[in-house]
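Using the hints, position chain C against chain G.
Protein chains: 2
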Amino acid sequence: MTQKIALIGFGTVGQGLVEILQEKIDELDERYGYRWKITGVCDNRFGTVCHMDGLDPEVLLREAANGSLQTHRMAGDVKQFLDECNADVVVEMTYTNLSDGEPALSHCRYALEKGRHVVTSNKGPAALHFRSLSALAKKNRVRFLIEGTVMSGTPVLNLMDGPLQGCRVESVRGILNGTTNYILTCMEEGMAYADALAKAQELGYAEADPTGDVEGYDARAKVTILANVVMGADLPIEKVSCMGITAITPDDIAAARQKGKRWKLIGAVERNGGDVSASVKPEMVPLDHPLAGVSGATNALTVVTDLLGDVSIVGPGAGRMETGFSILTDLLTIHRSS
Amino acid sequence: MTQKIALIGFGTVGQGLVEILQEKIDELDERYGYRWKITGVCDNRFGTVCHMDGLDPEVLLREAANGSLQTHRMAGDVKQFLDECNADVVVEMTYTNLSDGEPALSHCRYALEKGRHVVTSNKGPAALHFRSLSALAKKNRVRFLIEGTVMSGTPVLNLMDGPLQGCRVESVRGILNGTTNYILTCMEEGMAYADALAKAQELGYAEADPTGDVEGYDARAKVTILANVVMGADLPIEKVSCMGITAITPDDIAAARQKGKRWKLIGAVERNGGDVSASVKPEMVPLDHPLAGVSGATNALTVVTDLLGDVSIVGPGAGRMETGFSILTDLLTIHRSS
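Chains G and C are the protein sequences, given in the same order.
The letter at position 23 of the first sequence is residue 266 when you use the numbering used here, and the numbering goes up by one with no holes.
The letter at position 122 of the second sequence is residue 365 when you use the numbering used here, and the numbering goes up by one with no holes.
No lab work stands behind these hints, which were simulated from the structure alone.
Mixed in with the good hints there might be a few duds.
Copies of the same chain look alike in the list, so a pair counts if it fits in one copy or across any two.
Stated by the list, open to error - Below, simulated DMTMM-like cross-link-like pairs (lysine to aspartate or glutamate); rule was C-alpha separation at most 25 Å, straight line:
hint	residue 1	residue 2
1	K482	E262
2	K502	D531
3	K280	D320
4	K322	E445
5	K524	D299
6	K267	D553
7	K504	E431
8	K442	D531
Excised from the complex, chain G in its bound form (with noise of 0.2 Å):
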């Protein structure tokens, strides 16, 4: 059966999706017999399109790119497009509030409410709302799905459901957030916080307000994601500890090398009896741990388990075609047990 999917918000992640099902629309049929259309785009700056028949990939692409969305122009809010699209699979990808969630919670949740599986990369609903939105979920007997929201495509949350069932985790630590290592690996090879930081937006890893990622709350976003999801917490991220990196100096960066150590934005989530705790902050991690190995943009992240003791993954940690891929896996699995 050819899954039909409705997209909410078409940047830079939306596109780069479309593009991989454009792709791989030979491969992933053959290798999982997986068939899809898109039934409807809504984005609040390009316009809305919806078709029953599925929209055509190339056209959404070229009328995107000129600022406008028309073959097949609808009128009316979100929740109209929603109705009228009728997509097995809703893909949220509007932008990241992480005060109240909203819009992307409200789509969120009516798609639940009306019976269509949720596949998000945005941080607000998962990290806000994820007991709530996954036991609306449950009710709706649909799937509610965040692979994206921590670490892009890296596997992190889909490695703890699948190929670890089993184990037991007892605690999560890890370099979640790849602008601020970017930072710390210039500010190792000698640059001073505010260069490195104008490199990093340079380089497009850093936005023209930083404060979300420099100041930690981009990762605690994410563990909080992780202390709810992979430990069965119901944290609230005002209770996440959060200490970002602007206060680290360079004479900070060469008493952490005297000691054979290395700064790193560490985000962890530890089980203490029946309580679950969890922080951001800077640490100086000792230079033969592995997660001190992990420079740049990369995103690493140790799962300390009962029955397998630690296990690392580590991989990019953002991106257009790596959060791509994280909507992608989802929709696979939807595909899968459907």
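Same frame as chain G, but now just chain C:
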């Protein structure tokens, strides 16, 4: 439905598996709705026992510790055992034979022909006959699952089959044998090869006859499995070039250090156009490469993919509980899909 399990081979791994199943009996039921019973155990030293209502795990472990399985003893060969114990899943855990895969190969074949799922951590059948065994499984609508054959319980095959689904794997490259990595780590610290080997033997990492590890044959079997399972090749093990670590001298170690490198026994599989080639050989790895930081008996694998670039996983490569877990995770996969 309660999963009925038959065990062939009841050594370290088999006993470890039963301990895990017993210890996690409530956790597995609560988290996955997974219930099991062991309807038979067949071991060429301890004898064969079988009961349709399930054998008592504590009795099994106690009797094995005393050298002989007694309660519900039966006569007959492995085929009669498999017929009588009527299991849903047969777990093959006899000794590894990389020449012709026997007797494990015949056990797997017979079980699959009779429509039983097969789970094994035995490298023999997987390295020598993966394609025919998986075809046989498919024909009989059952699974042939082998996570434990590479890096014990650290997810490799299930990672690529599940969370990395949708990615095309271009190459894999890793440290797949813990014994040789432990010896090389000791040599880095100043020991001669013979002393390092003796220490590995003392700790139980290396066997009395260490040939299979130090000549690279164990890594070659794993590389063959990766080529055939992950890259879809049909590569016979003899086609995998293989060089071990026995020729590495303290001078070689020093020479690598001077170049900012470190010797590692690297197993690699690469796609060249339509062809897949594979090798095992010692390589000098730059110190800042993720594989250089993997020390002691730990294993690691870097997968190069089309959409995510490099993804690495690091974890244990052997061990009683670790390999026991690899069996458990495959049992859960069968449970989930049934």
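Results for each hint:
1. In the homo-oligomer, the alpha carbons of K482 and E262 never lie at most 25 Å apart, since the shortest distance is 39 Å inside one protomer and 38 Å across protomers.
2. Taking the shortest alpha-carbon separations for K502 and D531, both the intra-copy value of 12 Å and the inter-copy value of 18 Å come in at or below 25 Å.
3. In the homo-oligomer, the alpha carbons of K280 and D320 lie at most 25 Å apart inside one protomer (22 Å), although the nearest pairing across protomers, at 54 Å, exceeds that limit.
4. For the homomeric pair K322 and E445, neither the shortest alpha-carbon distance inside one copy (38 Å) nor that between copies (68 Å) is at most 25 Å.
5. Taking the shortest alpha-carbon separations for K524 and D299, neither the intra-copy value of 46 Å nor the inter-copy value of 49 Å comes in at or below 25 Å.
6. In the homo-oligomer, the alpha carbons of K267 and D553 lie at most 25 Å apart only across protomers (19 Å), although the nearest pairing inside one protomer, at 35 Å, exceeds that limit.
7. In this assembly of identical chains, the alpha carbons of K504 and E431 lie at most 25 Å apart whether taken from the same copy (11 Å) or from different copies (20 Å).
8. When the C-alpha separation of K442 and D531 is checked against a cutoff of 25 Å, the pair qualifies only between copies, where the shortest distance is 22 Å, while the shortest distance within a copy is 28 Å.
In this structure, the hints that do not hold are numbers 1, 4 and 5, in rising order.
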